[in-house]
Amino acid sequence: MSLKFKVPIFDVKNLNFSVRGQEILSNISLEIFNGEYVAIIGPNGGGKTTLIRLLLGLDKPTDGKIKLYGKKIKNFKEWHKIGYVPQRASLVDENFPATVEDIVKMGRTSKLSFFKGMSEEDKNAVKDAMIKMDVLDLKDKMVGTLSGGQRQRVMIARALASSPEILILDEPNTGVDMVSQKRFYALLAKLNKDENITIVFITHDIGVIADDIGRLFTINQKATICNNPKETLSCEDMSELYGIEAHLIHNHKHEH
Amino acid sequence: MLEMFEYEFMQRAFIAGILIATLASISGTYIVLRRYSLMSETLAHSALVGVAVGLVAGYNPLWMAVIVAVISAWLIEYLRSSFSIYSDAILSILLSGSLAIAIIIVSLGGAFNNSLFSYLFGSILSVSSEDVLTILIFGSVSLALLIAFSRDLYFIAYDEEVAKTSGIRVKFLNYLLVTVVAIIIALSIRVVGSLLIGALMVIPTVAALQYRVGFLNTVLISLFIALFSVIAGMTFSFYFSLPSGATIVLCVISIFIISLVINKK
Numbered sequence: 001m002s003l004k005f006k007v008p009i010f011d012v013k014n015l016n017f018s019v020r021g022q023e024i025l026s027n028i029s030l031e032i033f034n035g036e037y038v039a040i041i042g043p044n045g046g047g048k049t050t051l052i053r054l055l056l057g058l059d060k061p062t063d064g065k066i067k068l069y070g071k072k073i074k075n076f077k078e079w080h081k082i083g084y085v086p087q088r089a090s091l092v093d094e095n096f097p098a099t100v101e102d103i104v105k106m107g108r109t110s111k112l113s114f115f116k117g118m119s120e121e122d123k124n125a126v127k128d129a130m131i132k133m134d135v136l137d138l139k140d141k142m143v144g145t146l147s148g149g150q151r152q153r154v155m156i157a158r159a160l161a162s163s164p165e166i167l168i169l170d171e172p173n174t175g176v177d178m179v180s181q182k183r184f185y186a187l188l189a190k191l192n193k194d195e196n197i198t199i200v201f202i203t204h205d206i207g208v209i210a211d212d213i214g215r216l217f218t219i220n221q222k223a224t225i226c227n228n229p230k231e232t233l234s235c236e237d238m239s240e241l242y243g244i245e246a247h248l249i250h251n252h253k254h255e256h
Numbered sequence: 257m258l259e260m261f262e263y264e265f266m267q268r269a270f271i272a273g274i275l276i277a278t279l280a281s282i283s284g285t286y287i288v289l290r291r292y293s294l295m296s297e298t299l300a301h302s303a304l305v306g307v308a309v310g311l312v313a314g315y316n317p318l319w320m321a322v323i324v325a326v327i328s329a330w331l332i333e334y335l336r337s338s339f340s341i342y343s344d345a346i347l348s349i350l351l352s353g354s355l356a357i358a359i360i361i362v363s364l365g366g367a368f369n370n371s372l373f374s375y376l377f378g379s380i381l382s383v384s385s386e387d388v389l390t391i392l393i394f395g396s397v398s399l400a401l402l403i404a405f406s407r408d409l410y411f412i413a414y415d416e417e418v419a420k421t422s423g424i425r426v427k428f429l430n431y432l433l434v435t436v437v438a439i440i441i442a443l444s445i446r447v448v449g450s451l452l453i454g455a456l457m458v459i460p461t462v463a464a465l466q467y468r469v470g471f472l473n474t475v476l477i478s479l480f481i482a483l484f485s486v487i488a489g490m491t492f493s494f495y496f497s498l499p500s501g502a503t504i505v506l507c508v509i510s511i512f513i514i515s516l517v518i519n520k521k
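Line order of the protein sequences matches chains A and B. Sequential numbering of the first sequence, starting at 1, is according to the numbering used here. Sequential numbering of the second sequence, starting at 257, is according to the numbering used here.
The shape of chain A in the complex, shown without the other chains (with noise of 0.2 Å):
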């Protein structure tokens, strides 16, 4: 692939991010080109959030240099290009007054001029979005009422709504069954392979997802990155990641 000939969404360099004198990331170095599919990995506290917050500018790195289309993340203004989908995303709060069209409307917000109303146009995007996660017949439902997998769905929507070129989700599957997980990734790699939208994607689950992917990134305070994951990943690595023993459990659906 001649990756390198393109300009990447994310282009990362020798990045430190260190709070109270204790070092979070340490010397990460890494590039997200348009229509990848990349899923990141590691233990809890390894720094995976941490590395999100700092690409989306939540966070200010202690070093080291971070781009966003080519461009600073203080001088970046197209922001509706990038769908970002918190951990917490599907903990709504119940009390909440919104519906799910609300939800999903947040998502076109910074597209609109004061004082006007939705054109067909952003009224499109919402609708289209929102046939896309199958969360159209929900539309008039408070999120509060929704289950897990439902709200899920409603918090992507959201994301897509801003016609967005890459989504990123960080372990969005906080108290969502698994037939509604397994519709998940198979509506995320959809949106990767049909509509070119790169995708991001913290996990732990990363058997299920593996024929999905492009590369997979580690991140445990410092990063590995794997270009073909079905292969190079071992149980030695695995292992080393996550600091105990560990047991790739294959999948025989993958096995040739």
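Please note that a few of the clues may not be correct.
[As the list claims (entries may be wrong)] Below, simulated SDA-like cross-link-like pairs (lysine to any residue); rule was C-alpha separation at most 25 Å, straight line: (1) A:Lys60 with B:Leu472; (2) A:Lys127 with B:Leu472; (3) B:Lys520 with A:Met142; (4) A:Lys116 with B:Thr278; (5) A:Lys116 with B:Lys520; (6) A:Lys141 with B:Tyr467; (7) A:Lys77 with B:Leu472.
[Claimed, not checked] To be clear about the criterion: a stretch of chain B counts as covered by chain A if any three or more of its residues have a C-beta under 8 Å from a C-beta of chain A, and this derived list gives those stretches: (8) 417-430; (9) 461-470.
It should be emphasised that the hints constitute simulated quantities derived from the structure, not laboratory data. Each residue gets a CB set at the ideal place from its N, CA and C atoms; glycine is no exception.
Given chain A's structure and the hints, the job is docking chain B onto it.
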């Protein structure tokens, strides 16, 4: 019922009351959703510092209340975003601090009198034409800002960080919201009183939330509850010679209890 409108002071009080109910309930929605409910109390006490300065130094107390409340709101927002202190602790510190300063100023200036009392508990008798004009001017600007940025403020109330990564100017809008809220609170203390305004800002929204409807309907229900309470409260206040602020607060609390009971899970 209409005889009360034969009095000019009642006409003024009603205009002021309706404006304040509208402003307090709409801005209150964001305040409640952001878990800032205590902020209205704190700013109301800060506004008292302005009133005290105004009474002692001979400036317009309402204007001074607006100025001091806005400064206090900025201080709260700055402390909240720049230091690791719990937000409710910041509010608590500033609340008692402001009250202490207000009491000392008033006591040194010898202004412990009925005039101060009317700012603490609200008095419809004391609303002047100048007050109505001040409320109208500041109120219109505040309302226009709240409407212009309603979607952004709603998004921030839902999730500040996601709003930020969607390109919303979160820092600017946070300061804007607290400024508008400070202005509204300072304007309200004439009619509702600084010890009671928090109720008018917070309770209509909390009552409206019980109906579990979408955002726009929540704002509309909250607005209706606030308007109804202010109109009913002032009417009772007139016919039964009761203090206006306290009567309004009891009306809004009654509606809250009714909302709570009829929407019980």
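Here is what the structure says about each hint:
no.: 1; hint: A:Lys60 with B:Leu472; in the structure: violated, 36 Å
no.: 2; hint: A:Lys127 with B:Leu472; in the structure: holds, 19 Å
no.: 3; hint: B:Lys520 with A:Met142; in the structure: holds, 17 Å
no.: 4; hint: A:Lys116 with B:Thr278; in the structure: holds, 21 Å
no.: 5; hint: A:Lys116 with B:Lys520; in the structure: violated, 37 Å
no.: 6; hint: A:Lys141 with B:Tyr467; in the structure: holds, 13 Å
no.: 7; hint: A:Lys77 with B:Leu472; in the structure: violated, 29 Å
no.: 8; hint: 417-430; in the structure: holds (count 8)
no.: 9; hint: 461-470; in the structure: holds (count 5)
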